[in-house]
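Q: All chains should be built: construct the whole structure from the sequences, respecting the hints.
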Amino acid sequence: MASQKLALPLALAWLLAAAAAAGRELPPSAPGALDARLAGLFGGGLVQCWSALLQLRSCSDELAVFLLNGEVNLGPECCGAIQVITRQCWPTLLASVGLTVDQANVLRGYCDAEGEAAAAPPPPPEMGA
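With mature numbering (1 follows the signal peptide of the UniProt record, and there is no 0) applied, the sequence shown corresponds to residues -23 to -1, 1 to 106, in that order.
These are calculated hints, taken from the structure and not from any lab test.
Since this is a predicted model, take the numbers as computed values, not measurements.
Not one of these hints is a red herring.
What follows is a set of in silico ranges between Cβ atoms, one per label pair, in the way DEER data are often shown:
#1 Gly92 <-> Thr69: 20 to 26 Å
#2 Ser37 <-> Asn82: 15 to 21 Å
#3 Ala90 <-> Gly22: 24 to 30 Å
#4 Trp67 <-> Arg34: 16 to 22 Å
#5 Glu54 <-> Glu103: 30 to 36 Å
#6 Gly47 <-> Glu103: 32 to 38 Å
#7 Thr69 <-> Ala90: 20 to 26 Å
#8 Thr69 <-> Lys(-19): 55 to 61 Å
#9 Thr69 <-> Asp89: 15 to 21 Å
#10 Trp27 <-> Lys(-19): 50 to 56 Å
#11 Glu103 <-> Arg34: 40 to 46 Å
#12 Ala72 <-> Leu(-18): 54 to 60 Å
Glycine included, C-beta positions come from ideal geometry on N, C-alpha and C.
A: Here it is as structure tokens:
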């Protein structure tokens, strides 16, 4: 009698498990396919934003000097990451590394000015000198 009471719940559990497993059959995905799927879903922006945020790790010393002394001296990689985050992602994302909105605006202004200075053509040579 006890085995009959146990047989019905056991059979139901087995059927539910089999149905759940059959419904979860997924085609195998190629390695690195997650990046491609995210790029397809979000136009590449999500991956680019996370990459830029991770790039800020290489700028941690420069950002610490800025936060402690107010001295801004950022390298091109750090400025590139800040520009991606503030222009193409969420400007408030910089708060996740401890920056206020005002500090983020100062860094963005600095990086914009540095980018313009690097893109500007050199001055023409002086005539007659």
